[in-house]
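Make a model of the complete structure from these sequences and hints.
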Amino acid sequence: MKVATVAFYGFAVGLLAVGLRELLSGFEENRCSMTYMFEYPEYRRVALPRRVARLYPAYGLYLYGEGAYAQETRALKLTGAPVLFLPGNAGSYKQARSVGSVALRKAENMEGGLHFNVFTVDFNEELVALYGGSLLRQTHFLHESIKAILRLYKHLKTPPQSVVLVGHSMGGVVARALFTLPRFNTNLVSLIITQASPHLAPVLALDPYLLDFYSAVRQKWVSQAKKLRNVTVLSVGGGYRDYQVRSGLTSLPCPPGDPNKLSLVATAVPRTWVSTDHLSIVWCKELVLATVRAFFDLIEPETRQFTVNPEKKMAVLNHHFIRHPVRMLEDTQDTSISISDFPEAWSEVNTLRLAYSTPKEGQVKYFLFALSSRRKAYSHFYCRSNNMEMTSWVYGCMKNSSSCVHAEDLSMGTELLPPYKVLILSLSDLSAVTHLVVSASNLNGRQFTVECEWQRQESQTVSVPAPHVLSFGLTVSDVSVNSSGLLHTVQLQHFHQVYQAFRINVASQCKVHKDRLPNVYRIHVPWFGEDSLTTVSVPSVTEISGMLHTSRPDNSSGVLLQLHTAPNCQYKVSVRTSLPRVLGQILRFCGPMVPVYTAVTLLLACGGQLSSILKLRRAADMSQVVAKGLQPHKVNLPLYILHTLLSCSWFQELWSALYLPPMDSLPPTTPDATFHEVVVPAEEWPHLLSPLLYILGAAVAYWGSTLLRLIMRLISLILAPLHRPSVSRDCGTLTLQTQLLITLSLTLLGGLSCGAVSIFAAFLLHLYRVLRLQMTERSLSHMLNLAPQQHKEAENGTVDPEPLSRSKECNGAPLLSECVLQEVRDDLELHLCLSALFTLPVMLIAPSLIHWIRNLRYSAQLDPDPCWPLIVPLIIVYMLLINCNTLKLSNSKLLPLTSCLPLPLSIAMVTFSPLHLYRVTYFLLAVLVPLASCCLL
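Numbering (our numbering) for the sequence shown: 8 to 944.
Because the hints were derived from the structure by calculation, they are not lab data.
In this text, a Cβ means the ideal position worked out from N, Cα and C, and glycines have one as well.
Simulated restraints, written as ranges between beta carbons of each label pair:
| # | residue 1 | residue 2 | range |
| --- | --- | --- | --- |
| 1 | Asp265 | Tyr647 | 34 to 40 Å |
| 2 | Ala933 | Thr193 | 41 to 47 Å |
| 3 | Pro880 | Ala54 | 43 to 49 Å |
| 4 | Val229 | Ser32 | 34 to 40 Å |
| 5 | Pro903 | Leu653 | 28 to 34 Å |
| 6 | Leu163 | Met397 | 30 to 36 Å |
Here you go:
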């Protein structure tokens, strides 16, 4: 049985390891280019009012500079457009050097002295993603910083009226929180760009302050969406390389149809097309260049400051971050094309496809396509060119004998792909156009290729069903494409959930080997900007990861695989479920729920230990009770019943009448999901994920408790020479006076400094009790092995047992006896189980402890302290349980009731804690308080 248990939990931890490996390293290599400073960076501190400096001594405001610019701005006489960078969780203000340096270098080539002043805020590298008590303080300091920045421009005739904010990670959330302040003037900020910021929900909800902060920000932006329409917000996620903040959380929670809010992933940004990790998104050159280019296009020439026109802001952001057409919308070009000027440059194309390569000599060249003969047979016109110049190149016109009258520039629909630009025109939208004109002129002598064709979209679209996720990669869905065209679309049916993950293989073969333009394979997700592109040569065999950052929110069209192919080649697309990637996706989205199931396992293990003491008056082996803590039939079945009942209106009314909080379920996976929304996929995922997460959490509990036992044995070996050998089960206990003194001291310490310090100190005192029991158990074992004769004489009664009697359980057994050894072992197993349970609150309060330690030089007291409701009960519980043993518990009148509590509280924990991890400690206290009372009654 023990071998089977070890094998099962070994298999479970193997699944966890596979998922973690896929989550942490199962992605593309980092293809971001590093940004470099050409001169030594300098950070000029900006003086703040005394009141602000006194209120926020740990924070600071700096101006970024390099070389000559740093010297020019030494007196802070500024004339540029202000940009303020906000670091995120544990982020440094020096991270602003990437956007600051690129902006400086690009400004050197601009006419009229146009440039930016990049400021950065020092938030003391606080862990605000894990401790929410500082978020409101950071928001207030940001408000003061913005006012201080704008005061630096008062000497100008037309000073800036607003500041552009660039927020990384939690800095982006703080930027949006500005608008929750009662005295904040919304005109001070008109544009916010956030990088890998978890707007939808916190990654880990370790304290209520974090959730209250998110709730206030969400309520403000949703309830006053009309008032904030002039504020443009762009949120960029890092993609699969960012395992700290999954890109689904970077979606902006805003009312549908808000035109001034954009959410996308870096893989979909034109001229970027790379996935970034959580830190590299700040310095990724491709993304920094897109941001700085957008900044320059947002400047009004008259004022040399950022525009406040919402339409222009969205046009610029769409240009640089969404589609990147050949030119800006407001740029005008001459669309009059005359045939008589260059009659030899015009060629009418009567074939279905055009493939043209420009010569080395510069020339003027136009191709004319007549629509009248193609409208009935074809639905679209497709054209691509690897001439990446941002100029108009496709026109629609009414043909005259000598010119195109009323020529219309159709190039604005151009989309930029890595190797070429592509334009797809629907013929139904060109009713007034008789001819299409494609420009292939290369007056500068640059060589490029133009390929165009008429397409019938229905014939170039095929469907392939995605294999079931439980097929484990054993079944394959494939489809063959005989490429007679340049674009094919493969509809991936039934692929719309984040828990699905596939290996998509595309194999290409060509009969004739010749130089061709590269192929581009694009995963297109219609409901969120998370497209990913893969560029390959022909022929080739390419594997593409088929995964989603967000689930489909409604019945919109499914995921598409767009193949920009080479003509006269064959393509085979095969789709297979990838079990490692499925596990990686589960951990990506539901990883924060694993600690809850670990706590459930340890809590049920504690209940099993109490039941053993109640029935057998002995403690069971810790590994045995932890292994039996996996009871999905007792925990998950009530959850399924609750889910079913909550679909009934009468039960919902009853739930509300009892003032119960909303039921936590799977984390939000759709782009517009609210934090408390229960997202129930249409498939069987809720029924399969909970048991799987339970197994993973139980594996963590099983091997974690085993590791704890090994650590205790190792430390006890090290500390044994420092302690006098003991043979008493009361080793490491405290007297009543000592307990009272320590309890009062730790409570006072926690109230005056940080509650986590007191709780951690009480936890260490209990660990010392475990270590003493471990040393006593080893001492008794060695003594019994080394003194067999004395042991036999004691058992035969030749030695007087009365002076050495231990307890009623051993019936007057001598000091060195197997019965006494068994007592110590029982107490050791009990306290090892308790120590594993005590570890969970300590881990959950660790962020506040770290935050307090890092801010000691500014304040000796943590304010606010998320541990303040827990200080007194946890310290009292720890102190009482230090003196607890199996004999006291077995004689307690409260033990029968206490042993029944872990199961219902485990169900309540899974019901209310997955999205509120800090609640785990309260549920544990609901068991530990009665358990501590058993030591008294």
